[in-house]
Amino acid sequence: MNKVYSRPKALKDVSTHYCPGCGHGIVHRLIAEVVDELSIRERVIAVAPVGCAVIAYDYWAFDCSEAAHGRALAVATAIKRVRPETIVFTYQGDGDLAAIGTNETIHAANRGENLTVIFINNAVYGMTGGQMAPTTLIGQKTATTPLGRDAQLQGYPLKVSELLAQLPGVKYIQRTSLQSVQDILKTKQAIKEAFQNQMNGLGFSLVEILSPCPTYWGLSPLKALEWIKDVLSKEFPLGRIK
Amino acid sequence: MITGNEAIAEGALDAGCRFYAGYPITPQNELPAYMSRRMPQLGGIFIQAESELAAINMVFGASAAGALAMTSSSSPGISLKQEGISYIAGARLPAVIVNIMRGGPGLGNIWPAQSDYFQATKSGGHGDYHCLVLAPSTVQEAYELVKLAFYLAEKYRNPAILLADGMLGQMMEPLVKNPKSKIPNPKDRRKEWALTGCKGRAPNIVKSFYMREGDLEKLNLALQKHYQLIQAKEERYEGLFLKDAQIILVAYGTMARISKVALHTLRQEGIKVGLIRPIALWPFPKKAFAAKSSSKVRYLVVEMSYGQMLEDVLLTVRDKEQVEFLGRAGGGVPSAEEIIKKVKKIL
Amino acid sequence: MIERIIIAGSGGQGIMLLGKVLAEAAMLENRFVTWLPSYGAEVRGGTAHCMVAVSDKEIGSPYIAQADSLIIMNAPSLEKFKSRVKKVSLWVINSSLAKPDNIKGGSILQHPFTDLALGLGNIKVANILALGCFLKYKQLVRLDTVSSVIKKFAPAGKEELIRINEQALRKGAELR
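Protein chains in written order, with our numbering: chain B, 1 to 242; chain W, 1 to 347; chain D, 1 to 176.
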């Protein structure tokens, strides 16, 4: 018998703290698989965010740093500059990357830092209890938009990937989702490409992943996947952005 | 002749600093300008960051990756860096932060001040932590102490602050480059904890986040023990005429050099004045106050702030009656004449 | 002995450089020296100044509230410092650009340094003319020491620049 499925070497043998149906566990695994396939586990350095994935370093079996909320790309910039031989990536949610850390995001991208960014967009703040995110949809109810997001009061869903695509320092941007097995495989391919770009010295690469948060969307895990397909990906279209 | 700001940059480079990130603010701009010129020549990294927040977090990242890293700024910018400094302390990373103080609060002005004493010595960000704080009073000493700051930061895996003011940053004085002064010990630089890629070892994690019950308290207790060790070993001060003084001036940095002029003038008039000049502000040099002539001695604390170091002197001397204060801030600098007048009034 | 000098003029007149040359020369003659520039917003709007202290003893504050000498290179600077300083022993004033009216106390040396510099062929050496004039009166450092500093400060290969500055220094020292 051939073993066809096993835990990647880059993933620790522990269970995660994520809610049922959450997308973080899937993306953690995809990253670990890519790290194994590219044989870079011993030279990769991750920068974890503040948010639900704050303890991502407890799940990955490679070097990791924490970063203050929003500052992952500043921390990553310095690590990569100090150790150009390593493969450095940040793993950030929508609050971390697109609200409190917008400045660091735009400027790291604009400097064309040779980094890989995994951007989890679930349109809500998970860790703090389901508050509005910059990517929350118009009409979406959250802990701080009880009547639904109102553009007059809270503005519009922020499309960071499209914004960043304008910058000459940015090499690669792809938006994917976890809504189906095919989409998960496409996500893995995009993550791989974003890592390969860095290995080839091509510059700033970002993969935005539409990821389910059944808990704060108030949906079952299955309905949450349908919501990505029917609603979220209409506002945030999938595909290659740059 | 070299400005204080440039001497600090030169000292940092001589200490082996090869990573600098900062954001422009007066009166410390000569420092990053110098770094931007010299770093590439030495194979080091200079980044003009998009903000003070980015700069201090770049220092966090560089230090996590094992580099000798530094940032500099002036008061309002240092306020912005406090979050990052707290993380650096919590993650047990060495780093040097230079504060060329200016008047506050708020945007304040660009004139010299010492109003960030509390912020520097009492942990300016959140949490129970301490930075080592060194306060030079001449351009030469600024060069020496930034080297010492790197030495101590590396030795104790702790952030160190070099606290000077706009006057010292801007002024030029002669500098003799001293190759003998302390620089980081190679032993302290092995850094088994640094992020280098986990080849041939278990993965390293640099973090300050401890969710499991009891873990953060353990970290805090370890930090407190660590701070006690630093307090026991790293007090530093200069004492002048402490044996026979009836009144001892207590001043640091620029204020100490002005106090020295007052001291010598008063001594010529036969008035027995001494000086305690804290070189380390944290740990505060309590030992200096034990070496006094008699319990009757009076202290005059002189600051370019309104009674900040005064609190540490009061905590050390304990008898309020013995301690007097003279301070100005917001760009005002007590003159030697004002100090002399105050001393005569007290005696 | 301490000599406290304020040098003031406008941006482009070589005010900071004048102070640095003087301070460096005093350092070479083994004196304690400090040099403090005006900085930040203060150098916007027409005036720039620096403060130089030269002493036999350690210097306290590099900031000079009471100057012994002032070298003034333009009218706004004269206005600025006329009311600010007392008990000045020497005013050196660039009469090409500033008229020394209503100055109380102290000796006044006034010469058209800017015009004299133009006569030498380079308006930029007005500062060194003023320095020569100041030094002849105050004897603070030797002219030869200043010459060596000028040589040290000049960019490599700028022999002509050294020559004209040297000429300006000596000519300044001859002014009466």
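Hints listed in this document are in silico derivations from the structure and should not be mistaken for laboratory results. Just so you know, not all the hints are guaranteed correct.
Capping the alpha-carbon separation at 20 Å, the derived lysine to any residue pairs in SDA-like fashion look like this [claimed, not checked]:
1) 207(W) - 39(B)
2) 12(B) - 286(W)
3) 57(D) - 270(W)
4) 341(W) - 64(D)
5) 199(W) - 40(B)
6) 20(D) - 153(D)
7) 9(B) - 200(W)
8) 122(W) - 1(W)
9) 207(W) - 17(B)
10) 192(B) - 17(B)
11) 9(B) - 202(W)
12) 191(W) - 186(B)
13) 177(W) - 87(D)
14) 159(B) - 139(B)
15) 12(B) - 270(W)
16) 20(D) - 29(W)
17) 57(D) - 268(W)
18) 57(D) - 233(W)
19) 20(D) - 1(W)
20) 86(D) - 333(W)
21) 87(D) - 64(D)
22) 177(W) - 151(W)
23) 86(D) - 231(W)
24) 207(W) - 199(B)
25) 12(B) - 1(W)
26) 12(B) - 198(W)
27) 182(W) - 16(W)
28) 57(D) - 191(W)
29) 286(W) - 244(W)
30) 199(W) - 199(B)
31) 12(B) - 202(W)
32) 9(B) - 203(W)
33) 191(W) - 84(B)
34) 191(W) - 139(B)
35) 122(W) - 268(W)
36) 199(W) - 17(B)
37) 86(D) - 335(W)
38) 225(W) - 286(W)
39) 177(W) - 64(D)
Inset, instruction - Quick one: which hint numbers does this structure break? Sort them smallest to largest. - result: Of the numbered hints, 1, 2, 8, 10, 12, 13, 15, 18, 23, 24, 25, 28, 34, 35, 36 and 39 do not hold.
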